[in-house]
Each structure stands twice: as structure tokens, then as C-alpha cells.
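Undergrad: Listed here are the chains, written in short residue letters.
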Amino acid sequence: MLKLQDLTKAYRTDEVETVALNNVNIEIEHGEFVAIMGPSGCGKSTLLNIIGMLDTPTSGHYFFQDEDVAGYSEAQLGVIRKQHIGFIFQSFNLIDELSVAENIELALLYHDIPASERKERVAAVMDKVGIAHRAKHMPSQLSGGQQQRVAVARAVVGNQSMILADEPTGNLDTAHGQEVMEMLQQLNEEGTTIVMVTHSPSHADYARRTINLLDGHVVTESMRA
Amino acid sequence: MLLTNYFVSAWRNIYKHKLFSAINILGLAIGLASCILIALFVRDEISYDKFWSNADNMYRVHLTFNVPGRDPMKLAMAPGPVIHAWKKDFPQVTHASRLSQREPTVIIGDRYFVDDITLVDPDFPEIFDLNAVSGDLTNAFIGFDNIVLNETLANKYFGSKQAVGQIITLDFGSFQRDYNVAAVIKDMPKNSQVIPKALITIDEPAWKEQPWMFDAWFSTNAQLYFKLSDTTNIESINRELPAFVNRNFPKIPIGGDNVKNSDLIIMSTMNVKDLHLAPSRDGEYQDRGNKNTVMIFATVATLILIIAAINFMNLSTARASQRAKEVSLRKVMGASRKDLIVQFLGESVLLTFFGLLIALAIVEIALPKYNEILDKTFSIDYGSSDVLYIIILAISVGILGGSYPAFFLSHFRPAENLKANKSAETKASVKLRYALVILQFSVSITLFVSTAVVYGQMLYAKNMDLGYNTDNVLAVHEISRDVVQKKLPLLVEEIKRMPNVSAVTWSDFTPGRANQNNTIVHVEGQSNEDGILIGSRGIGYDYFNAYDVPIIAGREYSRERGDRDVSTDDLRNGINYTGSIMINESAIGRLGLGSPQEAVGKLIFAGAGQPEENLTATYEIIGVVPDIHFDSLKSTIRPEIYEIHADYGNAISARFSGDPEELVENVRRLWEQEIPSIPFDYSFIREAVARQYNAEQGQANMFAAFSALAILIACLGLYGLASFTADRRTKEIGIRKVMGASVFDVVKLLVWQFSKPVIIANLIAWPISYYAMSIWLENFVYRIEAFFIIGFCLLAGIAALLIAWGTVAGNSVRVASANPINALRYE
Ligand SMILES: Nc1ncnc2c1ncn2[C@@H]1O[C@H](COP(=O)(O)OP(=O)(O)OP(=O)(O)O)[C@@H](O)[C@H]1O
Ligand SMILES: [Mg+2]
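Chains as they are written, first to last, in my numbering: chain A, 34 to 258; chain B, 2 to 828.
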């Protein structure tokens with residue numbers, strides 16, 4: 034599905050240069066469930082942002098479905114991104130001014146999908162994650178777990194083949210965290226590729242493969258039997 | 002201590018939020034500057050003639066001729082003999098004086114001048130305050146050979162020499178007399194309808210040769226002022242006026258016995274303080290103001306201030322969400338609500354103060370141009386109470402604009418705002434801001450439409466077909482003076498021979514320098530009493546040719562065919578003959594003479610001399626011309642006859658081609674050679690006609706400028722709000738982009754957010770503008786069609802949208818292009 038080759042990301046601020054990713058080589062197959070772990074500041078989010086095409090590498094190659102997108106412009110990346118990738122964030126990132134249903138619909142809004150079909154798909158996905166009864170509520174009226182379920186719904190409603198999740202359980206208690214992980218697992222079983230950053234080893238256990246980062250390097254890769 | 006803390010904190014806040022502060026300060030500065038400039042104008046307009054020590058008891062007599070079938074002739078003057086009857090019939094009048102402005106030739110030794118000399122009655126200084134600089138005013142108005150000069154004229158005539166005691170000769174045409182300078186007075190204040198430069202007393206017998214000046218009941222050549230005794234109410238005079246008219250005026254030979262004089266002649270009085278802004282009348286010596294204009298500008302000033310204050314409120318409440326944490330923390334630290342209100346109000350007053358400083362700078366920079374446009378000499382006297390008023394104005398705006406944010410911000414409850422991840426913006430504050438933006442744009446659009454209509458009307462008036470060609474006509478004035486009159490044929494012949502001159506004529510009027518003459522005319526088979534009042538103008542040969550006016554039927558006057566006028570002196574001596582007359586279309590219509598072709602050859606009869614003389618002149622119509630707008634478009638076309646004045650007039654007109662300056666030089670040389678004693682005075686008809694609309698043009702420009710400023714301030718506010726909102730929405734925008742929105746999608750979203758209020762504002766502003774401007778247009782006899790207003794509304798709507806988009810788009814593109822991860826990174 035995707036392959037990173039000698040990928041490097043450096044941030045330059047005034048005098049200092051921070052190398053967030055250094056010579057990273059990773060390959061992820063279609064339908065995999067990958068967890069990325071490592072201490073704070075080791076470059077997990079940076080890696081996920083580059084995979085999600087929200088950011089571009091400083092050097093190296095990024096093959097997405099055999100296409101080297103490393104040198105693509107933001108607009109070109111945008112086209113691929115909205116076709117193939119869904120996102121889930123630690124802080125949910127729902128729009129406060131929109132209702133639950135509208136927040137989910139947002140993922141379809143920029144895809145040339147007729148309004149009636151959008152409504153159907155939103156309703157279906159809300160059923161699936163169990164928040165249909167909250168459709169008209171505003172995000173501020175929901176608990177953290179409910180908000181994250183909305184975010185998951187938003188990530189899957191577009192039927193993208195890959196979902197990137199940056200500490201999706203970071204702001205949730207154990208029970209709610211569990212809930213989200215089960216949803217991700219189910220999605221993966223249905224064929225969606227999932228790449229997830231997490232600090233929790235038990236949540237990493239849901240993944241079939243775990244990549245450990247340290248100071249921008251891949252230190253170990255372990256496969257679950 | 003606390004105060005300095007507030008001050009320091011206010012200053013830091015202003016400094017920290019530079020864009021916000023700059024927009025607020027700039028908007029306020031422009032708003033305050035506009036307000037100050039308009040206030041100067043309005044204050045001047047309403048100050049007219051209030052400064053006289055007797056102002057409350059000073060009145061002017063007005064007269065309106067209500068002629069059936071014509072616009073009433075409203076005069077700022079009264080016939081000469083009225084003053085005597087007035088003093089006799091109204092004992093409550095303590096003093097009365099006529100005031101007539103003439104332009105005699107002023108001769109001092111071997112130097113000649115032409116200046117305005119004001120003729121008054123001896124009571125004049127008892128009514129109006131005069132301040133002698135030198136000489137003695139007590140005897141200045143006794144006898145008929147004293148003159149009082151103002152400082153400017155004294156200086157012009159005598160320089161540094163002592164003026165008092167000098168001799169000045171005035172040549173009025175019919176008589177010439179030496180005057181002794183009795184006193185020099187301070188120049189009269191400019192905010193007055195009465196600004197004499199030089200004063201002499203009216204010597205009625207000396208004017209016997211020109212009886213219409215002061216001795217005719219149906220000629221008006223002087224204004225009449227009077228002073229009422231302190232204890233009397235003006236009503237005691239007003240209600241007697243119809244009886245006064247019937248008792249004193251000779252019977253007008255119109256309409257027979259059942260028409261009383263008081264039906265045709267309406268006399269009225271007006272306090273001097275009201276003169277400047279009252280509806281216009283003919284025979285005013287100084288420019289009038291216009292009450293509507295004053296009200297409109299006062300309104301515009303208020304609107305501009307409101308727009309500036311709204312900016313203030315909007316930007317402050319918008320920023321409130323960013324400051325919610327600060328407020329909450331201060332509260333946790335023990336600040337009371339009052340402390341916070343004081344702090345925020347202090348901030349806005351401090352901002353206003355900076356705005357005020359910039360405003361004063363703008364005012365000082367703008368004043369010279371402003372004075373030039375309005376023909377005034379406004380200035381701000383920093384040593385006077387003006388400064389106090391300006392500061393009060395600024396502080397009120399600061400408090401007005403700062404109060405809502407202050408109360409709004411201070412009421413935040415700390416618990417709510419210290420909780421992370423929650424917007425401090427309430428629905429209500431967002432709605433209010435929305436409503437205020439709508440209000441600002443409604444006002445701006447209304448101003449835009451109004452400006453467009455005012456300009457459209459100006460353009461229309463300027464480009465309207467007046468019926469004659471104003472281009473390339475040079476007028477040479479001062480022809481009526483005796484020395485010049487004798488040389489009229491010579492001047493005409495010489496100018497005709499000059500290169501590039503195609504026609505030369507003369508007349509007793511020139512377009513743009515109005516001169517009302519009327520005479521009662523009737524047709525065959527009617528008696529004198531059935532006659533109608535018709536305007537009459539005197540013209541020379543070739544007049545209509547020179548002014549490019551087509552003759553509809555018949556022909557123009559010709560010397561060869563022996564066309565002649567009927568002389569009043571001949572009639573008095575019993576010599577009767579038929580003269581030639583030209584006439585306009587309105588007149589043949591009013592007289593019932595049929596088509597222009599049918600009218601030619603018919604006879605008309607015109608009253609001559611004074612009504613009581615009962616003289617009638619007989620004319621045969623030789624030519625018909627179309628209706629021509631010789632007077633300002635503010636008056637309707639009147640029926641007119643054009644008499645041939647074979648050898649006299651007030652001005653020569655020459656149609657030319659090529660270089661105007663060359664012609665002026667040629668004529669000047671001729672003039673100075675032939676008539677060295679009179680200064681050469683000329684004008685171009687085109688400019689003279691345009692000058693009639695100078696005041697309107699100036700005010701239209703002023704209106705346009707202030708409307709533009711109002712719109713600019715509103716845009717500044719919108720810009721600030723847009724950049725604020727865009728910043729506030731960065732997280733949302735980030736999410737939308739991650740969800741696949743393109744830069745264009747996001748820009749569209751942000752721009753549309755501000756299009757909605759602008760569109761709603763249009764829907765509010767259109768009907769208001771339409772209603773207000775169609776009423777305004779009714780002031781004009783000749784005006785653009787009301788549907789133009791609709792066009793201007795659409796135009797304003799599009800312009801407002803474009804401006805709003807332009808204002809918002811820059812920010813939107815910046816925010817929309819930003820990488821979404823920056824927005825989503827930290828929470
Ligand atoms: N925009 C940026 N500018 C400069 N440095 C950055 C930027 N973004 C990240 N970094 C730096 O790059 C390094 C990797 O950051 P990153 O956010 O990927 O870490 P992380 O592994 O996700 O940490 P955490 O577990 O705390 O979320 C850090 O040292 C960080 O300071
Ligand atoms: Mg991270």
C-alpha cells in the first residue's frame with residue numbers, strides 16, 4: 034500500500050534544526066493494522082502526518098500505491114488524501130459550531146456526493162458507531178468517548194482505504210478507550226488499513242505489527258503472532 | 002497605583018494586538034476627523050446672523066408675487082416706497098433701513114475701480130452693529146455725501162494712508178458725486194447675509210432718473226430690514242400685512258375688481274437669524290445655505306461616528322473570546338466586575354485618544370482643501386472651547402464603543418472560561434456582531450446610493466440641453482456704464498473684425514447673471530386686465546445666431562428691416578407706433594397665439610413704464626424661439642419676450658473659435674485703449690453657467706468624500722473582523738482541509754460568511770435609499786428619473802459585495818493556505 038524510503042524530516046526554526054525523522058524505511062501492506070510507539074518527541078506524529086500527506090518530507094521517497102508523492106504539491110496531495118485517507122485525532126477535532134451529523138457529513142462534503150446520499154451514509158455510519166440518537170447534539174454536549182466515536186464515524190464515512198489515528202485513546206478513560214479500539218479492530222477486519230500512534234502497550238496489542246521509534250529512527254519492528 | 006496598573010495594562014494590550022489597535026485607531030481617527038470637519042461646516046451654517054446684538058428683534062421684509070399661471074416670484078426684496086409706509090403704519094418698528102447693493106465706478110484721483118457699494122438708510126447703524134476702526138460713525142449716515150469703508154476696501158484704495166477724510170467719487174451712471182470717507186469699519190463677519198463693504202446713504206432725489214430704484218411700487222432693487230421694539234411680538238405686524246398691501250400698493254391691473262392686491266402680493270417678515278437657511282428667494286446678496294444640506298451633513302457625521310463606534314465594539318467583542326482567560330484569571334485574583342469595566346473602558350478611551358491625535362492631524366492636513374471646496378475659512382482654535390468639545394466628543398465615542406465590550410467581557414464567569422477547549426463566544430455576541438455589520442453596511446450602501454444620485458443629478462443638470470450653446474462665448478461686462486454705452490457700436494464692430502470671431506451681439510443680461518424683468522402682456526381683443534405677466538429680456542442684433550438658438554418661425558431682428566423697440570418716452574409723449582418683438586414658445590402657448598407659424602405677424606400689447614402711468618406698447622411678433630434655460634435649472638421655464646435694444650445693453654457676447662486667451666487679450670487691448678477709465682471685466686458663458694451650480698458641486702463633492710470615508714471605515718472594521726474570524730476559525734479550517742476541502746472551498750466558506758450580512762444590508766438599504774432619494778430629487782424641477790435610483794442600488798449592491806470580498810479574501814486565502822497540522826497540533 035505504501036512504502037517510505039530513506040525518509041527524513043527536519044524542522045528548521047531560526048538557528049536550530051530539529052531532525053524529527055531520520056532515514057526512516059517502512060513498508061505497510063494493504064489491510065494491515067500497524068501501531069507506532071515511542072517516547073514523547075520521538076517523531077510519531079510527524080511520521081503520521083507525512084503518511085497522511087498533511088506534511089511533506091525533507092528528503093527521501095514516499096511511494097503511495099507505487100506513486101512517489103514526496104515531491105507533490107499541497108493541492109496534488111490533497112486530491113490523493115481525500116480519496117484514500119481518513120483521520121482520527123487525540124483531541125477529536127470536531128467543529129464546535131456543527132452538530133454531530135454535520136461533523137460527520139463534513140468528510141463527504143468535498144467529494145461531489147449528492148446531499149441525499151450523504152444523509153444516508155451519515156445515518157448508516159452513526160448507527161454503526163452507536164451515536165444515532167445524538168445526531169442533532171453539538172460536540173460540547175457529548176462526553177469525550179462519544180466525541181471520539183463521532184470522529185471515528187467521520188473517518189470511516191468516506192470509505193477511505195486507510196485510517197490514520199494519532200493517539201485516538203489519549204484523552205479517554207480505559208472503558209471508552211477500549212470501545213474505540215474495538216471499533217478500529219472491526220474496521221480493520223472489514224479491510225481498512227489502520228496506522229495508529231499510541232502510548233498504551235495494551236492498545237498496541239490490537240495491531241498486528243508495532244513500529245518503535247526513538248529520536249527519529251525506527252528501532253524495532255515486531256509482529257504479533 | 003491601581004490607575005497606573007490599568008494604564009500600563011491598557012497600553013500593553015494596545016501594543017500587543019497591533020492589527021486590532023491599528024484598525025480601531027485608524028477607523029476612529031477617520032471618523033473623528035470627518036465629524037470635526039462636518040461640525041465646522043454645520044456650526045458655520047447655523048451661526049449665520051446670530052451675532053448681531055439686536056438679532057432677536059431684527060427682521061427682513063419679503064415679498065412674493067403670486068402670478069396666476071406662473072411659478073410665484075419669491076423675492077428677498079421689497080419695493081422702494083414700502084419703507085415709508087412701513088414706518089408710518091407700524092409704530093412698533095423702531096428703525097428700518099433699505100439695503101441695496103450697486104456697482105458704481107469708483108474714482109479716486111486718476112484711479113478707477115468697480116466695487117460693491119451698499120446703499121442704506123440712516124437707521125442702518127441702529128439695526129446692524131458696526132465697529133469703527135477710525136473716524137466717527139455718529140454723523141456718517143447724516144447727509145448724503147459720506148461713505149464708510151471696511152478695512153479691506155480702505156486698504157485697497159488708500160493703502161497705509163489714513164482713509165478717513167479722503168474723497169471718493171462714485172459714478173452711478175445717472176449721477177456722479179464726491180463722498181467723504183467718514184469712517185473705516187472692521188470687515189463684517191462672513192457668516193451673515195449682510196456683508197456690506199462700503200456704505201452710503203440713499204439720497205432719493207438723486208435717483209429720480211432711475212425711479213425704479215427706490216420710488217417704484219412694482220420694482221424691487223433693495224432689501225428692507227427693520228428692528229422691532231423689545232416689547233412687541235412680530236405677529237402684530239404679520240397679521241396686518243394683507244391690509245398693508247391693499248392699503249399701500251397701487252391696484253395691479255390684473256384680474257379685475259374682484260382680485261385684491263393681497264391675493265397677488267404676499268408680504269412676510271423673517272428674523273435675520275433664519276435668513277441663511279430659509280428657502281431661497283431672488284434678490285439675495287450673499288449665498289444662501291440649505292437647511293436640508295445642513296441636516297444631511299449632520300446626519301452623515303453621526304452615521305460616520307456610529308460606524309466607527311461599531312468597529313470598536315465589534316472588534317473588541319470579537320477579541321473578547323481571546324481575552325476570556327485574562328478576565329477569568331483577573332477575577333480569580335480578586336478583581337471585581339467594576340475594576341474590569343474600568344479597565345476595559347480605560348483601554349477604549351486610550352485608543353480613542355490616539356485616534357483623536359491622528360484625527361486632528363488629518364483635519365489640519367485636510368482643512369486647506371476643504372476650505373477651498375466650500376469657499377470658507379474654517380480653522381480650529383486650539384485656545385478655545387472647541388478643544389473641549391472635541392475631547393468630549395472623542396471620549397463619548399470611546400465610552401460608547403467601549404461600553405458593550407466592557408460589560409460583556411466583565412461578566413464572564415471564571416469557571417467557564419478556564420475550562421479548556423471551549424469557545425467563549427456566546428451565540429448572542431456573534432449575532433449582535435452580525436447585526437452591527439449589517440447596520441454598518443446598510444448605512445454605507447445608503448450613503449453610496451445617495452452619493453450616486455446626487456452626482457447623477459449634477460451630471461444631468463450640467464449636460465442638459467439648455468436650448469443654447471454655452472461653449473465658446475466670451476462675455477464682456479460693464480457695458481451699461483455711460484462711457485462704454487457710447488462706444489458700444491464701435492466695440493461690437495471691432496470685436497467682430499477680430500480673428501476667429503464669428504458673431505457678436507449684446508444684451509441686458511448674460512446667462513448665469515440673472516436679472517428679472519417682467520411685464521404684463523395681452524393679445525388683441527383682450528383688455529389690459531386680462532394680461533399675463535411675462536418675462537422680458539433685452540437683446541441686440543444677431544443674438545440668437547450668436548448663441549446658436551434656432552428660430553422656429555419668422556426671423557431674427559435686423560437693422561436693415563428697421564426693427565425697433567417701443568420707447569416708453571415716446572408713449573409718454575403720445576407718439577404711438579408698432580414695434581417688433583420676438584417671443585418664446587411658452588409665451589405663445591400662454592397667450593393662445595396658436596402655432597409658432599401662426600403667431601408670427603400677430604400683435605401683442607405690453608404694459609410700459611410704471612403701472613399707474615397706464616401706458617401700452619404695441620408689438621408685432623417677428624420671430625418665435627424655443628424655450629431657453631437662460632436662468633438656473635432651479636427655476637422652471639417662463640414665458641418670455643425678447644425686446645430689441647438697438648444701442649444699449651449690459652454685456653457684449655462674442656462667439657469665437659480657437660484660443661480663448663488670445664481673444665481675451667485682443668479685446669482687453671481694445672478695451673484699455675477705448676475705455677481706460679473702467680476696468681476690463683469678462684467671463685466665459687460656459688463657466689458663468691457652471692458657477693451657478695458651484696455650491697451644489699462643492700457639497701456633492703463633500704458628500705461623496707464623506708460617504709467614501711464612511712465606507713472605508715466600515716471596510717476597515719470588516720477587515721479586522723474577517724482577520725479575527727479567520728484566526729478564530731483556523732482549527733475548523735484545519736479540520737475541513739483534512740476532510741478534503743481545497744483552498745478555494747475554504748475561501749468560499751469564509752467569504753460567503755461575510756457576503757450574507759452584506760446582502761441583507763442591501764435589502765435594508767435599497768428601500769431606504771430609494772425613498773429618501775426620490776424625495777430629494779423632488780427639489781429639482783429638471784431631474785433624473787427615479788428608476789435611475791434602482792440602477793444605483795444594484796450598482797451599490799455589487800460594489801459593496803466586491804469591496805467586502807476584497808476585504809475578506811486576503812485574510813481568507815492566508816488562513817486557507819496554511820498547513821492544517823499547525824492548526825490541529827496544539828489544543
Ligand atoms: N512545526 C515544528 N517545528 C519545529 N519543530 C517541530 C515541529 N513539529 C515537531 N517538531 C519537533 O519534532 C520532534 C518530533 O515531534 P512530534 O510531534 O512528531 O513528536 P511525537 O512523537 O508525536 O511526540 P508526542 O508523543 O509528545 O506527541 C519534536 O522534537 C518536536 O519538537
Ligand atoms: Mg504526537
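These are calculated hints, taken from the structure and not from any lab test. Hints should not be assumed to be uniformly reliable.
Within a straight-line C-alpha distance of at most 30 Å, the following computed DSSO-like cross-link-like pairs (lysine-lysine) qualify [as the list claims (entries may be wrong)]:
#1 B:Lys162 <-> B:Lys209
#2 B:Lys635 <-> B:Lys75
#3 B:Lys209 <-> B:Lys487
#4 B:Lys635 <-> A:Lys169
#5 B:Lys432 <-> B:Lys17
#6 B:Lys261 <-> B:Lys198
#7 B:Lys274 <-> B:Lys162
#8 B:Lys51 <-> B:Lys339
#9 B:Lys209 <-> A:Lys169
#10 B:Lys488 <-> B:Lys191
#11 A:Lys152 <-> B:Lys749
#12 B:Lys157 <-> B:Lys75
#13 B:Lys75 <-> A:Lys169
#14 B:Lys198 <-> B:Lys88
#15 B:Lys339 <-> B:Lys17
#16 B:Lys292 <-> B:Lys463
#17 A:Lys152 <-> B:Lys51
#18 B:Lys292 <-> A:Lys152
According to the in silico footprint, chain B covers these stretches of chain A (three or more CB under 8 Å from chain B) [said to hold, decoys possible]:
#19 103-116
#20 119-130
#21 136-142
Computed footprint of chain A on chain B, listed as stretches where at least three residues anywhere in the stretch have a Cβ under 8 Å from a Cβ of chain A [said to hold, decoys possible]:
#22 730-736
#23 739-745
Think of the CB as a built atom: it goes at the ideal place given N, C-alpha and C, for glycine as much as any other residue.
Undergrad: Honestly, which of those hints from before does the structure not fit?
TA: Violated hints (numbers, rising): 1, 4, 6, 7, 8, 9, 10, 12, 13, 17, 18; every other hint is consistent with the structure.
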